[in-house]
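K.L.:
Chain by chain, the residues:
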Amino acid sequence: MGKRIIQIKELSYSYPDGNMALENINLHVLEGESLGVIGPNGAGKTTLLLHFNGLLDGSSGKSKIKILNLEINNKNIAEIRKAVGFVFQDPEDQLFMPTVYEDVSFGPSNLGWDKDTIKKQAQQALDEVGLSDKASLLSHHLSLGEKKRVSVATVLSMKPDILVLDEPSANLDPAARGQLIDVLKGLSVTKIIAGHDLELILELCSRVVVLDKGNIVADGDTREILNDPLLMKQHNLEVPLSLK
Amino acid sequence: MKHSFTDEFASLDSYLSRLPVRFKILSCLSFIILIVLTPIKIKFAFVFYSLSITFLILASRIPLLFFLKRLLAILPFVALVAVSSPFIQKDGWTIFISCLMKAVLIILCLILLIQTTRFNLLLNALANLEVPGLIIMLLSFMYRYLFIVEDEILRKKRALDSRSGGKRGWRIMRSTANMLGSLFIHIYERAEMIYLAMCARGYKTNQG
Chain D
17 MGKRIIQIKE LSYSYPDGNM ALENINLHVL EGESLGVIGP NGAGKTTLLL HFNGLLDGSS
77 GKSKIKILNL EINNKNIAEI RKAVGFVFQD PEDQLFMPTV YEDVSFGPSN LGWDKDTIKK
137 QAQQALDEVG LSDKASLLSH HLSLGEKKRV SVATVLSMKP DILVLDEPSA NLDPAARGQL
197 IDVLKGLSVT KIIAGHDLEL ILELCSRVVV LDKGNIVADG DTREILNDPL LMKQHNLEVP
257 LSLK
Chain A
-19 MKHSFTDEFA SLDSYLSRLP VRFKILSCLS FIILIVLTPI KIKFAFVFYS LSITFLILAS
41 RIPLLFFLKR LLAILPFVAL VAVSSPFIQK DGWTIFISCL MKAVLIILCL ILLIQTTRFN
101 LLLNALANLE VPGLIIMLLS FMYRYLFIVE DEILRKKRAL DSRSGGKRGW RIMRSTANML
161 GSLFIHIYER AEMIYLAMCA RGYKTNQG
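The listed protein sequences derive, respectively, from chains D and A.
For the first sequence, this note's numbering gives the first residue as 17, with consecutive numbering after it.
For the second sequence, this note's numbering gives the first residue as -19, with consecutive numbering after it.
FYI, nobody ran anything at the bench for these hints, they're computed from the structure.
Fair warning: there could be bad hints in the mix.
[Claimed, not checked] Lysine-lysine pairs mimicking DSS-like chemistry, simulated, CA-CA at most 30 Å apart:
(1) A:184 x D:98
(2) A:4 x D:150
(3) D:135 x A:4
(4) A:82 x D:131
(5) D:131 x A:184
(6) A:184 x D:150
(7) A:184 x D:82
(8) A:137 x A:82
(9) A:184 x D:136
(10) A:184 x D:78
(11) D:175 x A:184
(12) D:91 x A:4
(13) D:80 x A:184
[As the list claims (entries may be wrong)] Here are the computed distance ranges between Cβ atoms for each label pair:
(14) A:13 x D:33: 51 to 57 Å
(15) D:33 x A:45: 49 to 55 Å
(16) D:187 x A:141: 19 to 25 Å
(17) D:202 x A:14: 55 to 61 Å
(18) A:131 x D:86: 47 to 53 Å
In this text, a Cβ means the ideal position worked out from N, Cα and C, and glycines have one as well.
Excised from the complex, chain D in its bound form (with noise of 0.2 Å):
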């Protein structure tokens, strides 16, 4: 395990209507691990995800967030949005290109690549998520599993350092679900995956932090924090039930 490639110290942060989504969040996540995000719906794990990226600007006061190094500011915001790619829970926020293949080129050509690099990305992020067949198809007409494996692939042709995952199985079929899970362990980047779906985090995180009501509760070895069903139930969590 390498460096620490997300740091944040003391985030807190409240919605305009007042409400307290994260209080002083410390959270820090090392390079090329998998880090899991669970806790009960609303939790505040979508919010403290948008931070990962700049999308939410948590930097007032005494927080502190620095992804690889960087402070989240407007000079240094494009590189950071480059080095996290954030995958949206529904797909229909993250495709909003007509066709598959400009969706994925959507990223690459914000970065100011040429156009050769930019077919050659596209075509890779779509070789790794075994849909490069699709390219040409309209995004409205695949299927959800498709859509979703669409969305990993608008980012991964970005080249990121970390990828950010927002319940990532939410409404797939197993079979799609099985496919989703093979994509994302054949990915070596840092990645950050949030939800309910406890097996999926079981099977691809080795370390996972429970959010409750803004707040980090448990932070540690997946199987340990999994395994500890007084933990699991004060949070409106459950053992996976291959652990049970």
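Take the given structure of chain D and dock chain A to it, following the hints.
P.N.:
Here is chain A on its own, set in the frame of chain D:
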């Protein structure tokens, strides 16, 4: 749920669908300008235009009924604009008929262009013709999200029907209004998320 109601016949193979897209756009545009500029008095010109459009419609292999349906959907708006002319102008009726005639020809022409070209190819060609990137992006979002909004309306309508105890029309007006309200909020929230998704992939507001 899958639909493709904006360019549902675009994948139909015909002579027209195989023509280069830029050529189609430019000739469609020139034809429209020609129609607009031709005075209604030159009757044989309109006979010629009508015959050409009929020929192209037949060549497109798209069902005639489809053209008729689309035409009927748009024509009331044209009629609404043109209907005042017979009352306030001397040659009112001629202007009214000329308006309708030209509108029908132009609408048919545009339906032909859109239905024989896949929408993303149309956008690419427009981009090649130096249409500003922001407009292309707006059009592409419109195309992409029309389907999703339609799905959302369908889902909400089903949810409403399933709980409205068989009532329909004005009797569930209040619930329908509420449904539309929540739909707008939903769409607004989705727009925010899409903007975040764009930013997350390096989009900057001033480009395009």
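K.L.:
Okay, which hints does this one fail, numbers in order?
P.N.:
Numbers 4, 8, 12 and 18, in rising order.
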